[in-house]
Amino acid sequence: MPNDIPDEEVDRLYTELDAEAEAGGYHLNPDREFTRGLVCGLLVNRDRYGYIACPCRLATGRREDDLDIICPCDYRDPDLAEYGACYCALYVSADVKTGKREAEPVPERRPPRPERKKMREERESTSAAPSTLAYPVWRCRVCGYLCARNAPPEICPICRVPRERFERFM
Amino acid sequence: MDVVHVPGEDRGRVVLYALSTCGWCAKTKQLLTDLGVEFSYLYVDRVDPAEFDQALEEVERWNPRGSFPTLVINDEHVIVGFQEDAIREALHAK
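From first to last, the protein sequence lines are chains A and B. Okay, so the first sequence: first residue is 1 according to this note's numbering, each after it adds one. Okay, so the second sequence: first residue is 171 according to this note's numbering, each after it adds one.
Under the rule of at most 35 Å between Cα atoms (straight-line distance), these lysine-lysine pairs were calculated in the DSBU-like manner: (1) Lys197(B) - Lys100(A); (2) Lys118(A) - Lys197(B); (3) Lys117(A) - Lys197(B); (4) Lys197(B) - Lys97(A).
Partial list, derived from the structure: chain A residues whose beta carbon lies under 7 Å from chain B: (5) Phe34; (6) Gly37; (7) Leu38; (8) Gly41; (9) Val44; (10) Pro55; (11) Leu58; (12) Glu108; (13) Pro112.
The set of hints was computed from the structure by calculation and includes no laboratory data. Every value quoted in this text rests on a predicted model; they were computed, and no experiment measured them. We treat Cβ as the ideally placed atom computed from N, Cα and C, and that holds for glycine.
Produce the entire structure from the sequences given, and follow the hints as far as they go.
Structure follows, in structure tokens:
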């Protein structure tokens, strides 16, 4: 993968992601060379778009359209559970990491463009719906963490993604 | 659009839509190179912003999910993802 990202920068983000992953019960792919390539792709995308869009998906550069594919993406956890790896294979399950299970090829779970647009519109209208609860319930779209409070936390305490990745759940 | 042509043995019209940052796209491109077949590839993440929509629509015509890699053989056979066996078979390169 040709790029202008210095090795030290790739190593720095690799170490950071690895530490964060292990602290949260996630695991980077043990195939170090392959994983370094993906980390490098994340850095290319950070330079390009200002955020670490999935290296294996086409970002538009419009943050609101790309939110679901900013790493960790909205699809990582269901793919880890079903296939033992996320779509780009940056993250793998514990069984895959320890060699108890082989990662399977991961089909794209992200819906096609027209469906995404529809889902977003539905989400936005749900958020505006009145509720009889004392507090609204927010759901982290990445890891599923739920909390009942007036606004979502600044950073998800479980998977560390920012507030913008939360949706109104109830 | 910056389509790159890779010379090789003629096994039909082989077009690869890929992302320059994607590990599976890199594996697919490497496989085609190792098989020695003639193919063209386009890094869709690197197309000029003015041509972005056109390029993505072209991919979606073959693969409505717009995912990568998308390999199109002879304008009819589409292989999505790094499916080594399917690619070898489609190119008669077992």
